[in-house]
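As given, the protein sequences belong to chains A and B, one line each in that order. If you're matching positions, the first sequence starts at 81 in my numbering and goes up one per residue. If you're matching positions, the second sequence starts at 540 in my numbering and goes up one per residue.
Simulated from the structure, these hints should not be mistaken for lab results. Glycine is no exception: its CB is placed at the ideal position from the N, C-alpha and C atoms. You may find that some hints are simply not true.
[Claimed, not checked] Ranges between beta-carbon positions, derived for each pair:
{"hint": "1", "chain 1": "B", "residue 1": "Glu791", "chain 2": "A", "residue 2": "Pro209", "range": "38 to 44 Å"}
{"hint": "2", "chain 1": "B", "residue 1": "Gln624", "chain 2": "A", "residue 2": "Arg407", "range": "48 to 54 Å"}
{"hint": "3", "chain 1": "A", "residue 1": "Ala121", "chain 2": "B", "residue 2": "Asp673", "range": "50 to 56 Å"}
[Said to hold, decoys possible] Covered stretches of chain B (in silico footprint by chain A; criterion: 3 or more residues with CB under 8 Å from a CB of chain A, positions within the stretch not fixed):
{"hint": "4", "segment": "618-627"}
{"hint": "5", "segment": "666-673"}
{"hint": "6", "segment": "714-725"}
{"hint": "7", "segment": "762-770"}
The residues making up each chain are set out below.
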Amino acid sequence: MSKLSAAYYTMLTRWQTLTGYKYFWPVFMIAGLAFCMAASAFDFLDLYLQLILIYVGINIILTVSLNLINGYMGEFSVGHAGFMAIGAYVASLLTVDVFPPGAQNLLFPLAILAGGIGAALVGFLVAIPSFKTRGDYLAIVTLAFCMIVKSVLENIDAVGGPRGLLGMEKLTTLPWVFFWTALSVWVIRNLVYSNFGRGVLSIREDEIASDLMSVNTRQVKIIAFVVSSFFAGIAGGLFAHALQFINPRMFDILKSTDILIMVYLGGIASIAGSIIGAVIYTILLEILRPLGIWRMVLMPLMLVLLMIYRPRGIMGMKEIRLFMPLRDLVTEKLWRRKKKEATDASA
Amino acid sequence: MPLLEIQKLTHRFAGLCAVSDFNFAIEPHELVGVIGPNGAGKTTVFNLITGVYQASEGSIKMGGQELVGLTPHAITKRGIARTFQNIRLFKELSVLDNVRIAHYGQIAYTPAEALLHIGRFRAEEKRITNQALDLLSIFKLDDMAGEKAKNLPYGLQRRLEIARALATEPRLLLLDEPAAGMNPNEIIQLMEFISWIRKTFSVTIFLIEHQMRLVMGICERLVVLDFGATIAQGLCSEIQNHPKVMEAYLGEEVVQ
């Protein structure tokens, strides 16, 4: 065994003992939250780094939620920025116009939640054409949806029209981003490993067969779209209060494309992949900032190469064990034992 | 009372009459076959029963309840499951998940409970997983449970498709050409397998098949379709020498 593969092997076994450790998630959550709180309270991370981490979190939420539609359900939605816009505007209007200035910090989660609910309601409406149309046609429907949202926002003077909305306080802090990111990853993970999630997967594989195997495909599509757009709305609210300024042009098709790139870079139908994709893309964009305009050549080139050599993305259709529920891990262990017995018996 | 009763079922694709005036009834625990040349409308009948197509005219009743107008999953919930002529498994999913998905109609938890993994979720998931594993071990597929369905050999894929259909707990099982692509030896095994399924799961079976050996071997009754019309119905021995059937299969001149 060469040195490299030996190192790889020890890393793998270490990783497995780590993931077998049942306190991993609680410890990770508490440590992560404590770190984020300390970072924002004592400013030992400079503000620029904090902002990047906030964007990483927001992008993780966006990527995981879009992966539910584009990866797990196998549809092609390009309207994710539209849902984000709704969340951003609803949350911003609440904090700017409705909530009293003194209680902003306290009511902030409510504003974010309201943004998510607003986006989820619209997501419910977008789910309806998905009953009849699939593939390219649904992509066009979602594209149209994204354009409608943008032009509606541009033409309502009450929300600032094309100039956008200003005046939000900087309420999006690192601990809040950590909390919402963890929540969205956890909820979508939960959905994927339930029978509703398996229904979502079966629609990707063969919609007619899935309907004939008693899966209520309409119900499943509604659940997927509502959950996905809810978290896009959450991300929008956080985004608006991190940037303290929004306008309709921020949520056009280019924003959707950004999210799509993160999904397909990280890997379709994978929670771990979504996180990896969002982290790599966000950080790489920052690192390559000195390159100026060349950045926009390099990033798409990377995507082209990825599509050629790994069309399903880095983690395409795979999941690291950390994100799998215990029941599935135990079932898999049982199956492996049985398979070994079967091969031993035949040998 | 018959389990499934079809009356005056007619279906047209634009101008083409795929099935016309199809009348049929199946009693509980019967095993009935549909035969007919290619393009006779056999699979269309299955698609009409399971709700993939909406019938132009006629009625389909399951235990007295009308099925025409219901969605496929609602029909499956009322106790009809099927397999497909060209295997339609969820290829990228594990064998276990293929079967677990078919429990969709029976899960007792709500989407909210699934999103938060609370309430009835854990108990129900345990029940579904155990039921699916039991079913797989009955079908001797349990050592494949974690394998992707597309990696199974052809014969096992056929078997998994039947297992998946049975996971929906049907009273009536529709098999669309179960012997397609099998050699004579495998067909003999399949015949035993089908009879065994009928006994073990006490289901009624309605099957489409081209292989005369299989049809004559296990079916109690036969329906013969040609160009959408029912040309004969009856016991196997009656069908074998039916002049119209011979005409449809061998051509008019040969019969004369």
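Verification of the hints:
1. Evaluation of the 38 to 44 Å hint for Glu791 of chain B and Pro209 of chain A yields a failure: the beta carbon distance comes to about 51 Å.
2. Between Gln624 of chain B and Arg407 of chain A, the C-beta spacing of about 35 Å breaks the proposed range 48 to 54 Å.
3. Between Ala121 of chain A and Asp673 of chain B the CB atoms are about 54 Å apart, so this pair conforms to the stated range of 50 to 56 Å.
4. A count of 4 residues in the segment 618-627 of chain B with a Cβ less than 8 Å from any Cβ of chain A is obtained; the coverage claim is therefore met, three being the minimum.
5. Residues of the segment 666-673 of chain B with a Cβ under 8 Å from some Cβ of chain A number 3, which satisfies the need for three, so the listed coverage holds.
6. Coverage of the segment 714-725 of chain B by chain A is violated [criterion: at least 3 residues with CB-CB distance below 8 Å; count 0].
7. Interface restraint, the segment 762-770 of chain B with chain A: violated (0 residues with C-beta to C-beta distance below 8 Å; minimum three).
Hints 1, 2, 6, 7, counting from the list given before, are not met by this structure.
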